[in-house]
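**Student:** Residue-level listing of the chains:
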Amino acid sequence: MHIDRYERNWIRFAGGLLVVFAAALTVAAVFLGVRLPGIAEQTIPIAQAGGEYDINKGWIRELAPRRYEVNMRARVWSFEPREIRIPAGSTVTFYIHSDDITHGIKIQNTTVSTMIFPGHVAKVTYTFDKPGEYVFVCHEYCGAGHHFMSGRVIVEE
Amino acid sequence: MSLAAIKQYEMPRSERNLYLSFILIGFAHLMVGLFLGFMQGMQHAGIDLYRVIPIVRHYYQGLTIHGVFNVLVFTTFFIAGFLLFVTSTSLKKPINLRLGWLTFCVMTIGLLLTDYAVFTNQASVLYTAYSPLEAHWTFYLGLALVVVGTWLQLLIVGRMVLQWRKENPGQRTPLLAFGALATLLMWGLASIPLAVLFVGILLPWSLDLIPGVDVLFNRTLFWMSGHPIVYFWLLPAYLSWYFMLPKQVGGKLFSEPLARLAFLLFIPLSLPVGFHHQYVDPGVAEGYKYIHFILTFAVFMPSVMTAFTVLASLETGGRARGGKGLLGWVTKLPWNDPSVTAQLLAMVLFALGGISGLINASYNMNLVVHNTLFVPGHFHLTVGTAVALTFMGIVYWLVPHLTGRRLFSAKMGVVQAWLWFIGMTIMSRGMSWAGMLGAPRRTALGSAPYFMDEWVLPSWFTAIGGVILTISGFLFFINMLASLWLAPKAEKQVEVPVAEPLIDEGAKMPAWLDRYTVWAGAAVLLVAIAYTPALVKLISDLSMTVPGLKPY
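Going down the list, the protein sequences come from chains A and B. In terms of my numbering, the first sequence opens at residue 1 and continues consecutively. In terms of my numbering, the second sequence opens at residue 1001 and continues consecutively.
Pulled out of the complex, with its shape left as it was, chain A reads as follows (with noise of 0.2 Å):
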């Protein structure tokens, strides 16, 4: 079978070229800690670490200085809770699961991004250096009002 110099050499180029991409991108997962939400290991998400829910305002828990602890919930079509605040520099870790249908949340200018189903629990970490707003929505569609269930963390100085 006969193949093209050039075309060998153009696969062979293109081929080192995506082996070069994912090897970057491994790197970026396994030392700079990129990482994908996977497999909670909290799967009750409201109150299993004591302390009380609050349906109203969700639940927030200071773990250490800086630390914290976020319980989400996802519903048609809002967010509890709607509005977290911390002081800049806390590492947040987000429990996330939703009551109804399948949602989705995306908060703006950092790296969280996740799906949120009914009988799983997401979880996210993510640590706000800068103070500011930070908006988060709902990224996936879920009814007539998707476009109105959104949020946002209020990183204080």
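Possibly wrong hints are sitting among the right ones.
Claimed, not checked - Here are the simulated lysine to aspartate or glutamate pairs, EDC-like style, with alpha carbons at most 20 Å apart:
1. 123/A to 1286/B
2. 130/A to 69/A
3. 123/A to 1541/B
As the list claims (entries may be wrong) - Here are the in silico distance ranges between beta carbons for each label pair:
4. 127/A to 1330/B: 48 to 58 Å
5. 1514/B to 11/A: 17 to 27 Å
6. 1355/B to 127/A: 43 to 53 Å
7. 1116/B to 89/A: 50 to 60 Å
Hints were generated in silico from the structure; no laboratory data involved. Just so we're clear, the structure is a prediction, and the values are computed from it rather than from any experiment. Ideal Cβ positions, reconstructed from N, Cα and C, are used throughout, including at glycine.
Dock chain B against the given chain A, drawing on the hints supplied.
**Tutor:** Quick look at chain B alone, frame taken from chain A:
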């Protein structure tokens, strides 16, 4: 066998009508889908046409119809007509017409059920149909019947190829029939999980026969078929680029073995990549996501080969037409032929679409773009241009060929192709840009309270690009309707372009480049490796308890 030996096969009228019916139904639905796309683009720019033009109740009903019609109905119906046509042409005998019309009836009944469900706002669940969003049962049954139609095509084409081989021992399957069968075989394997989902779970669930569903299990089944389906749309376009377009530009197929290899590689590699749509799904372990990430990069390779072979084939044409120098051959290509121009421009944008696809597939980089407008910015370049504009380009010779009339206006066709190219460049730029700035996809952004200032300019790109695309689509339909009924009869029937290989490999071509079994076996094996542990866990944790909801 020398491809030059392919003579025009005299196709009976009823056979031509079958292909024409498939194609026209597909394009009629595309017309509706395009118009709804126009309304979506305007909505993003803050102009709400849903109150003025009440063909749908709200943005999401329109979005559902836009997605279902453009990527499920238009593609599938066009592909049915086109693949059956090229098989018949290249094997020089009619398809089994009774089975052909049966296929048409099954798919059309399915289509009518789907049309009913979406137009009455009983299925505004978008084309991904993510449960527990629940649709009317006619939606699930209708789409399942359309899939059954694609299996019937596999039966028709598979039987014809087998019979042809029996009659022509020791010869290679003609390229067009070879490509058609590879496409249908890949999809035949890949569509099984989708059929299980729609017929086994969603249909009985929508009829209240089972109380609930398991969300993650359903998503996994969906994406097992949901990524291969993009290759089901793309391969017929590749078929035209590899085996037809070189002839249209006066060139030859640069490398027959690599062309065949690319088609065969898609059979195993298209399938085990679904988790790259589920990178941010909780409940799926990172390890499986990583495996699918690597396999998704692997399925990039046959497209990389395509880029070289197709460009080199075009170059042989440009040089044969007197093109000189490094790029001089490009200007010598027949740019006044709307079929050629449409397909060349489709390729240009496909290069960008391929790169943006690689970004989506890039494991943790997906965190930035997941479910943002970057994703539709990507697939309007691939399915929305590489596929749709190529299909339009094919129609510019195929419809005149089938009707025996001339194309109404070649000039209008060339303008249409350029407008599509320009409109899509602007719109896709707008979408990708807004997506990089965090704008979510599948969202009535124009009404969102969190709409950000920096999304304004990209949204206008989206809207303006959408307007240009709508004009382009309008020109296309005018041209087609006029070609069907107004254009004069052609003195000589338009020829079917079939490219010859540049080098006749003869007996040097390895036999495994004309065999399907081993590739289908490889597909099953790869799917088993990439999915078994994850599926075992999903099934052992299976809890079909989440009830449906219709919040639309």
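**Student:** So if I understand the rule, the pair passes when the alpha-carbon distance is 20 Å or less; does residue 123/A with residue 1286/B pass?
**Tutor:** Roughly 12 Å between the alpha carbons, so the hint for residue 123/A and residue 1286/B holds.
**Student:** Okay, residue 1514/B versus residue 11/A on CB: inside 17 to 27 Å?
**Tutor:** 21 Å, holds
**Student:** Is the hinted range of 43 to 53 Å satisfied by the C-beta distance from residue 1355/B to residue 127/A?
**Tutor:** About 31 Å separates the Cβ atoms of residue 1355/B and residue 127/A, which means 43 to 53 Å is violated.
**Student:** Is it true that the CA of residue 130/A sits at most 20 Å from the CA of residue 69/A?
**Tutor:** 19 Å, holds
**Student:** Take the C-alpha atoms of residue 123/A and residue 1541/B, compute the straight-line distance between them, and say whether it is at most 20 Å.
**Tutor:** This hinted pair holds, its Cα atoms lying about 19 Å apart.
**Student:** Looking only at beta-carbon atoms, does the pair residue 127/A, residue 1330/B fall within the given range of 48 to 58 Å?
**Tutor:** Distance hint for residue 127/A, residue 1330/B holds at roughly 51 Å.
**Student:** Given a hint of 50 to 60 Å, does the C-beta separation of residue 1116/B and residue 89/A actually sit inside it?
**Tutor:** 56 Å, holds
In the structure shown, a violation is registered for the earlier hint numbered 6 alone.
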